[in-house]
Every structure is written in C-alpha cells, then in structure tokens.
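Enquirer: Listed below, chain by chain, are the residues.
4 protein chains.
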Amino acid sequence: MFAVAATLLVFSIPTPDAHAALSAALLAEWPSYAAYVISFLTILVIWLNHHAVLDSIRTLDRPLLLLNGILLMTVAVIPFPTSLLARYLMAGHYQSTAAFAYGLTMSGMAVAFTLINIYAKLRHLFTTPFSLLGFSTGQLSYPLATVLALFNYYQVALVIFAATAIFYMVLPLLRERLLRESST
Amino acid sequence: MFAVAATLLVFSIPTPDAHAALSAALLAEWPSYAAYVISFLTILVIWLNHHAVLDSIRTLDRPLLLLNGILLMTVAVIPFPTSLLARYLMAGHYQSTAAFAYGLTMSGMAVAFTLINIYAKLRHLFTTPFSLLGFSTGQLSYPLATVLALFNYYQVALVIFAATAIFYMVLPLLRERLLRESST
Amino acid sequence: MFAVAATLLVFSIPTPDAHAALSAALLAEWPSYAAYVISFLTILVIWLNHHAVLDSIRTLDRPLLLLNGILLMTVAVIPFPTSLLARYLMAGHYQSTAAFAYGLTMSGMAVAFTLINIYAKLRHLFTTPFSLLGFSTGQLSYPLATVLALFNYYQVALVIFAATAIFYMVLPLLRERLLRESST
Amino acid sequence: MFAVAATLLVFSIPTPDAHAALSAALLAEWPSYAAYVISFLTILVIWLNHHAVLDSIRTLDRPLLLLNGILLMTVAVIPFPTSLLARYLMAGHYQSTAAFAYGLTMSGMAVAFTLINIYAKLRHLFTTPFSLLGFSTGQLSYPLATVLALFNYYQVALVIFAATAIFYMVLPLLRERLLRESST
Chain A
770 MFAVAATLLV FSIPTPDAHA ALSAALLAEW PSYAAYVISF LTILVIWLNH HAVLDSIRTL
830 DRPLLLLNGI LLMTVAVIPF PTSLLARYLM AGHYQSTAAF AYGLTMSGMA VAFTLINIYA
890 KLRHLFTTPF SLLGFSTGQL SYPLATVLAL FNYYQVALVI FAATAIFYMV LPLLRERLLR
950 ESST
Chain B
770 MFAVAATLLV FSIPTPDAHA ALSAALLAEW PSYAAYVISF LTILVIWLNH HAVLDSIRTL
830 DRPLLLLNGI LLMTVAVIPF PTSLLARYLM AGHYQSTAAF AYGLTMSGMA VAFTLINIYA
890 KLRHLFTTPF SLLGFSTGQL SYPLATVLAL FNYYQVALVI FAATAIFYMV LPLLRERLLR
950 ESST
Chain C
770 MFAVAATLLV FSIPTPDAHA ALSAALLAEW PSYAAYVISF LTILVIWLNH HAVLDSIRTL
830 DRPLLLLNGI LLMTVAVIPF PTSLLARYLM AGHYQSTAAF AYGLTMSGMA VAFTLINIYA
890 KLRHLFTTPF SLLGFSTGQL SYPLATVLAL FNYYQVALVI FAATAIFYMV LPLLRERLLR
950 ESST
Chain D
770 MFAVAATLLV FSIPTPDAHA ALSAALLAEW PSYAAYVISF LTILVIWLNH HAVLDSIRTL
830 DRPLLLLNGI LLMTVAVIPF PTSLLARYLM AGHYQSTAAF AYGLTMSGMA VAFTLINIYA
890 KLRHLFTTPF SLLGFSTGQL SYPLATVLAL FNYYQVALVI FAATAIFYMV LPLLRERLLR
950 ESST
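Chains as they are written, first to last, in my numbering: chain A, 770 to 953; chain B, 770 to 953; chain C, 770 to 953; chain D, 770 to 953.
Read the hints as simulated data drawn from the structure, not as lab findings. As the structure is a computational prediction, the values presented were derived from the model and not from experiment. Possibly wrong hints are sitting among the right ones.
[Unchecked claim] Distance condition first, Cα-Cα at most 25 Å in a straight line; then the derived SDA-like pairs of lysine to any residue: (1) 890/A <-> 912/A; (2) 890/C <-> 834/C; (3) 890/C <-> 820/C; (4) 890/D <-> 944/A; (5) 890/A <-> 952/B; (6) 890/C <-> 919/C; (7) 890/C <-> 890/D; (8) 890/A <-> 941/B; (9) 890/B <-> 834/C; (10) 890/A <-> 818/A; (11) 890/D <-> 912/A; (12) 890/B <-> 941/C; (13) 890/D <-> 890/A.
[What the hints assert, rightly or not] Restraint ranges, calculated between C-beta atoms of paired labels, are given here: (14) 951/A <-> 942/D: 24 to 32 Å; (15) 880/C <-> 820/D: 20 to 28 Å; (16) 897/C <-> 820/D: 22 to 30 Å; (17) 799/D <-> 936/A: 45 to 53 Å; (18) 919/C <-> 942/B: 44 to 52 Å; (19) 948/B <-> 891/D: 49 to 57 Å; (20) 834/A <-> 942/D: 41 to 49 Å; (21) 862/A <-> 925/D: 37 to 45 Å; (22) 916/B <-> 942/A: 53 to 61 Å; (23) 829/C <-> 859/D: 30 to 38 Å; (24) 897/B <-> 824/C: 42 to 50 Å; (25) 792/C <-> 787/D: 32 to 40 Å; (26) 803/C <-> 823/B: 52 to 60 Å.
Each residue gets a CB set at the ideal place from its N, CA and C atoms; glycine is no exception.
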C-alpha cells in the first residue's frame with residue numbers, strides 16, 4: 770500500500786500539453802517535481818518507521834489492525850494534497866490553502882501513527898524498549914506547518930514538510946553512529 | 770489487490786481546477802472525502818474479514834480460487850461507484866441513482882463473499898468452527914440500502930453504507946472483549 | 770503485477786459527466802462493464818495458470834525470467850485494449866478495429882505464455898508431467914478471434930474472448946472431477 | 770513498487786478519442802507503444818538487477834534502505850518521462866527535449882543504483898564477489914544519450930535507451946553460457 774501510494778504520486782506531475790513549448794513548460798513545472806520528492810520521501814520514512822514499529826510489536830490484535838488501517842487511509846490519500854500543492858504552486862495563487870490541506874493530511878497521519886504507538890505502549894505489546902521521542906517530531910512539526918500555512922507563511926510550511934522528511938531519514942543514521950560509538 | 774483498490778480510491782477526489790477559489794472548492798468537495806472514507810473503511814473490513822476467512826480454510830481448491838477471483842472483481846470495481854457517488858453528491862442531483870449503483874456493487878461483493886463461506890462450509894474446509902452470523906449483516910444491509918436508494922432515500926442508504934463498515938470494525942472488538950471476559 | 774493490472778481495469782469504465790442523466794448514462798455504459806468483466810476474468814485465469822506453471826517449474830533461470838517479463842508486459846497492457854473496446858462499443862463504430870486490437874494483445878499474451886511452456890519443456894524444468902494441451906486453446910482461440918474481427922465479425926470475436934476465459938475457469942474443475950472419479 | 774510503476778506505464782498510451790478514425794489513430798500512436806516497450810523492459814531489467822544485488826547483500830542497514838528508497842523514487846517517476854516521450858514523438862516536435870528529460874531520469878536512476886553498489890562494496894556487505902562492470906554500462910550509456918538528445922540527436926538517444934535495456938537482458942544469458950562452458 771505504501772508502495773502503491775508512492776508510485777501514484779507520479780500523477781501529480783502533469784504531462785505538458787502537446788502544443789506547449791516543452792522546455793519552458795517543463796521548467797515551469799518545478800513545483801510539481803518538488804512536491805513529488807517531498808511526498809515520496811515522506812511516504813518512504815513513514816514506511817520505514819511503520820515497518821520498524823510493526824516489527825517490534827509482539828502481536829497485531831484487532832484494535833491495532835484497525836488503527837493501522839486508519840494510518841493507511843491517511844497515507845493513501847497523500848497523492849491528493851500533493852497534486853493540490855503542485856497545481857497551486859504552479860498556478861501562483863492559493864498556495865497557502867494548498868499547503869494547509871497538505872499539512873492537515875500529514876497531521877492526521879502523525880496522529881494515526883501516534884495512536885498506534887500509544888496503544889501498543891499501553892498494552893505492553895512492544896518487545897523492545899520503544900522511545901516515543903522520535904515520533905513526537907512529526908507530531909509537532911506538521912501541526913505547526915499547518916498553522917503557519919493558515920497565516921500565509923506557506924514557504925516556511927513547505928520547508929518544514931521537507932525538513933521533517935529529511936530529519937526522519939537522518940535520525941536513524943545518527944542513532945546507529947551513536948550506538949556504534951558507545952559500544953567501542 | 771485490496772491495497773491497490775483502496776489506494777486508487779484517492780482518484781475519486783477531484784483536484785480543483787487551477788483557476789478555482791481553492792478554499793471554497795475544497796469545502797464543496799466534502800462528499801468526495803466522505804465517499805473516500807466510507808469506501809476505504811469498507812475495503813479495509815472486507816480485507817480483514819477475507820484474511821480471517823482464508824486463514825481458517827484448510828486448502829484453497831480451484832472452485833474456491835475462482836469464487837475468490839469473483840470477490841476480487843467486485844472489490845476492484847469499488848473505485849467506480851465511489852467516484853460516481855462523490856461526483857453526483859457534489860453535483861447535487863441523481864444522488865439516489867449513484868447510491869443505487871454503489872449499493873448494487875456492495876451487494877454483489879456481499880454475495881461473492883457469502884458464496885465463498887457457503888462453499889467452504891459445505892466442503893468442510895473450515896479448520897475452526899465458523900459462524901456465518903457476522904457475514905449475514907452485510908448480506909442484509911447492502912441490499913436494503915440499495916432498495917432504499919431506489920426509492921430516493923439516498924441519505925438513509927449512505928448512513929447504512931457507513932454503519933455497515935463501522936459495524937464490521939467494532940464487531941471483532943466486542944467479540945474479543947466477550948472472549949476475555951468469559952475466560953476470566 | 771497481475772493484481773495491479775486487474776485493478777487498473779476499473780479505469781476503463783468512464784464516470785459519466787456530472788450533467789448527464791445518470792440512469793441512462795449508466796445503462797448506455799454496459800459495454801464497458803462487459804469489457805471489464807471479460808478482461809478481469811481473463812487476467813484472473815492467466816494469473817492462476819501462471820501460478821500453476823511457475824509452481825511446477827524446478828528453477829527460474831534467467832531466460833525464463835525474461836520470457837516471464839515479456840508475458841507480464843503483455844498482461845500489463847491489457848487495460849489499454851480494454852478501454853479501447855469499451856469506448857468504441859459505446860460509441861457504436863469501429864468496434865471491429867477495437868476487437869482486433871484486443872485480440873492482438875491477447876494473442877501476444879498467449880504466445881508469451883507458450884514460449885515459457887516450450888522453453889521449460891525443452892530444458893526439462895517441469896517437476897511434474899505437464900500437458901501443453903490446455904494452453905493450446907488460447908493459442909488457437911485468440912488468433913482466430915483476431916482474424917474474425919478483421920473481417921468485421923466483432924460480435925463473434927467478443928463471444929470467443931469471453932468463452933476462452935470461461936473455458937479456462939471451468940477446465941480445472943472438470944479435471945479435478947475426472948481425477949476424483951478415476952481415483953474411486 | 771517495480772510492478773506498480775511498470776503497470777502504470779500503460780497510461781502513457783492514450784486511448785483515441787471516440788470520434789477518431791480508429792485504425793489511423795492507432796497506427797499514429799506507434800511511438801507510445803515503442804515508449805511503453807522500452808520503459809517496461811528497462812524497469813524489468815532494473816527490477817531483476819536490483820533483486821540480484823539485494824540478494825547478494827548480507828544485511829540491509831539504514832543507509833542502504835535510504836539509498837534504496839532514492840532508487841525507488843527514480844523508478845516510480847519513469848511513467849512521467851515515458852508519457853512525455855510518447856506524446857511529443859506523436860506530436861512530431863520537441864522530441865529532443867522529451868528524450869533529454871527521459872535520459873535525465875534514467876541517468877538519475879543509474880546514479881542511485883551505483884550509489885547502492887559503491888556503499889555496499891565499501892562496507893563489505895556483499896556476500897559474493899560482485900563486479901561493478903555490468904552496472905557501469907548504464908552509468909555511461911544514459912548520460913551519453915542525454916547529452917546527445919541535448920544536441921538534437923534524439924533518434925540516436927532512443928536507440929541507446931532501447932539498446933541499454935536489451936544489453937541488460939542479454940548480458941546475464943551470455944554470462945551463464947560462459948559459466949557453463951568454462952565448467953565443462
């Protein structure tokens with residue numbers, strides 16, 4: 770499902786009209802490439818984190834399957850706000866509204882992910898000590914970016930969307946390095 | 770296949786035209802969000818139930834594979850009536866016809882699911898005692914909603930579509946609780 | 770891949786325009802439902818047969834992987850002639866050309882499938898005695914239907930497309946019954 | 770993900786308008802069939818090579834998962850330059866710009882693939898002796914074709930795209946033959 774949603778993101782990049790001057794049209798489409806990359810990397814880190822969380826959970830009971838389904842519902846919808854963001858950044862108006870819709874989707878996704886973690890923590894389903902610390906970043910950054918988009922600071926919001934994905938890509942690398950260093 | 774069908778549902782949410790006033794356009798699209806959520810949760814519960822049924826079946830013989838293929842055919846088509854429902858609820862006319870088409874698809878799906886259960890029951894393929902009770906709900910609720918849509922009670926039909934999905938999400942939670950209580 | 774191609778078939782069913790009289794529009798779309806069902810059942814039987822063939826092959830060497838890739842290429846393109854068939858049956862002209870394109874795709878698929886079987890047979894890769902008989906049906910029926918479409922007998926071609934899928938659904942059931950009877 | 774991206778390629782083949790003279794329209798679309806076949810075979814060989822590389826890697830650490838994610842990002846975007854190439858070859862103008870965009874995507878993919886190989890080599894993660902030789906072909910051919918497209922030799926570029934895919938299909942067959950001959 771993560772794979773399908775990530776692959777469908779390609780449809781947020783419009784194929785220019787056959788009568789368009791192609792070079793100019795492709796350059797003008799840069800916001801759709803940026804939106805593609807940010808959303809792809811975001812789905813990628815959700816995927817890896819989701820995999821790590823499910824791996825460290827003893828048993829997937831029915832409530833967890835349902836919470837998981839709700840997370841998947843927020844992930845599967847990501848191509849929609851990505852298209853929105855791409856189209857309105859290209860159009861040059863209503864960028865903040867598009868960024869707001871994008872942020873709302875990401876915040877919903879962060880909430881669904883946190884619910885899984887909290888439920889598994891409360892039911893003692895984690896087989897390894899599990900820190901909620903890393904996950905709280907998205908919990909804070911996405912709502913923050915959503916509120917900033919509401920007040921028209923959509924550029925800042927976009928930077929936060931990109932930075933959150935990169936943060937989650939870099940975080941485990943730092944952790945592994947720390948673990949290696951502390952073990953020597 | 771369930772994952773792909775569920776992810777394709779996102780295309781039932783139209784990306785507003787680049788010239789539209791975005792906030793108003795997004796708010797006017799609420800029926801497409803509702804249709805997305807109802808169809809996604811419905812596919813989710815079919816998926817979980819389908820998984821549970823196949824897990825408790827000893828061996829997948831050829832007739833069962835074919836019945837299963839017919840079930841998949843009804844699941845894979847769900848994005849079509851979902852788009853239909855979203856578009857005509859937004860347009861504000863022919864809502865009952867769209868709800869009728871939606872109900873017909875869901876009824877077909879319920880029939881295919883029931884055929885699998887009946888066949889497996891008759892051939893004694895279930896490894897655990899298997900109650901047909903839970904499955905009979907969709908068997909009744911979907912045709913009922915379809916008939917109601919035919920008589921223009923499309924709002925009631927929509928409530929039944931949503932309620933059926935929620936019922937199947939809650940039912941196993943209730944069952945688990947009952948099992949836990951009876952074992953103590 | 771079979772699952773994705775089969776699920777994408779849903780896009781060959783057009784969602785009627787929001788201004789259309791929905792009941793009439795949905796009824797007029799019946800050829801797209803027929804095309805969906807025929808293509809879905811066809812992909813389903815290719816899938817099941819493909820699974821059966823790969824299961825009875827000792828080792829997937831590189832030439833087999835490539836032949837398999839070419840088979841997948843013909844399967845993944847099926848949504849295109851399906852859309853074509855649906856659209857031109859609805860439009861009421863050029864039905865034979867559309868049926869010809871459909872038949873050409875199916876014939877290509879049958880050729881790719883046969884190449885896999887012949888290669889595996891020549892290299893003695895089958896672990897069980899494997900009859901090429903069943904597979905020769907599609908080898909004959911699809912080119913026949915393609916030629917008939919060329920001479921404007923597109924209705925006969927469509928019947929053959931549907932009959933071939935149904936034949937492959939029923940064949941293993943007959944075989945199983947024969948096996949059961951001969952073992953008693 | 771490879772499967773989904775390859776299956777989505779079918780949408781780069783446009784279904785002719787219902788009012789078009791179908792035979793002529795289908796013949797005029799031949800560049801989209803060529804683009805479909807080239808991109809499909811390319812994704813197929815990336816898939817097989819990717820599978821071979823991951824199979825011979827001891828453990829997928831986090832940096833490798835991220836590099837892998839970036840490779841998947843370049844693969845998942847392939848339907849976009851494929852559509853571009855199909856549309857502008859059919860339109861008969863800006864073919865070089867479209868081929869340039871196609872080459873850029875393929876070069877990015879080759880870079881991502883090489884980064885995976887270099888990283889795994891440096892970290893001694895390969896379980897079997899692994900030659901970077903085969904992979905260096907795409908590393909050279911794709912940037913070369915991209916530069917040629919920039920200077921309007923788009924026909925040469927297209928031949929290189931097709932030849933690279935075929936080279937990677939034939940290479941392992943030659944290798945296996947060499948291995949068989951040297952072992953006797």
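Enquirer: With reference to the structure, classify each hint as holding or not holding.
Expert: These are the hints, each one checked on the structure:
At most 25 Å may separate the alpha-carbon atoms for a hinted pair to count; residue 890/A and residue 912/A meet this at roughly 23 Å. Only pairs whose Cα atoms come within 25 Å are accepted, and residue 890/C paired with residue 834/C is accepted, the gap being roughly 15 Å. For the hint pairing residue 890/C with residue 820/C, the CA-to-CA distance comes to about 16 Å; that is within 25 Å, so the pair holds. Our distance criterion of 25 Å between C-alpha atoms is met by residue 890/D and residue 944/A, whose separation comes to about 22 Å.
For the hint linking residue 890/A to residue 952/B, the alpha-carbon distance of about 24 Å falls within 25 Å, and the restraint holds. A threshold of 25 Å between alpha carbons decides the hint, and for residue 890/C with residue 919/C the separation of about 33 Å lies outside it, so the pair is violated. Proximity of residue 890/C to residue 890/D is assessed by CA-CA distance (about 39 Å); at most 25 Å being required, the pair is judged violated. Proximity of residue 890/A to residue 941/B is assessed by CA-CA distance (about 21 Å); at most 25 Å being required, the pair is judged to hold.
Distance restraint check for residue 890/B and residue 834/C: the Cα-Cα separation of roughly 39 Å exceeds the 25 Å cut-off, and the hinted pair is therefore not satisfied. Taking the CA atoms of residue 890/A and residue 818/A, the gap is near 16 Å; set against the 25 Å cutoff, the hint holds. Restraint check for residue 890/D and residue 912/A: not satisfied, since their Cα atoms lie roughly 41 Å apart, outside the 25 Å limit. About 21 Å separates the Cα atoms of residue 890/B and residue 941/C, which keeps this hinted pair within 25 Å; it holds.
Distance check on the hinted pair: residue 890/D and residue 890/A sit about 39 Å apart at the alpha-carbon level, beyond 25 Å; violated. As the Cβ distance of residue 951/A to residue 942/D is approximately 49 Å, the hint placing it in 24 to 32 Å is violated. Remark: the range hint 20 to 28 Å for residue 880/C to residue 820/D is upheld by a beta-carbon distance near 25 Å. The supplied range of 22 to 30 Å is met by residue 897/C and residue 820/D, whose beta-carbon atoms lie about 26 Å from each other.
The hint said 45 to 53 Å for the Cβ distance between residue 799/D and residue 936/A, and at roughly 47 Å that hint holds. Checked against the given bound of 44 to 52 Å, the beta carbons of residue 919/C and residue 942/B, roughly 59 Å apart, lie outside it. The supplied range of 49 to 57 Å is met by residue 948/B and residue 891/D, whose beta-carbon atoms lie about 53 Å from each other. Range check, residue 834/A to residue 942/D: about 45 Å between beta-carbon atoms, so the 41 to 49 Å window is met.
At roughly 42 Å, the beta-carbon separation of residue 862/A and residue 925/D lies within the given 37 to 45 Å, and the hint holds. A hinted range of 53 to 61 Å holds for the C-beta pair residue 916/B and residue 942/A, which are about 59 Å apart. Here the CB-CB span from residue 829/C to residue 859/D is close to 37 Å, well matched to the stated 30 to 38 Å. The hinted range of 42 to 50 Å is not satisfied by residue 897/B and residue 824/C, whose Cβ atoms lie roughly 27 Å apart.
The given range of 32 to 40 Å is broken by residue 792/C and residue 787/D, whose C-beta atoms sit roughly 21 Å from each other. Taken as a hint, the range 52 to 60 Å is violated for the pair residue 803/C and residue 823/B, whose Cβ atoms sit roughly 29 Å apart.
Going through the hint list in order, the structure does not satisfy hints 6, 7, 9, 11, 13, 14, 18, 24, 25, 26.
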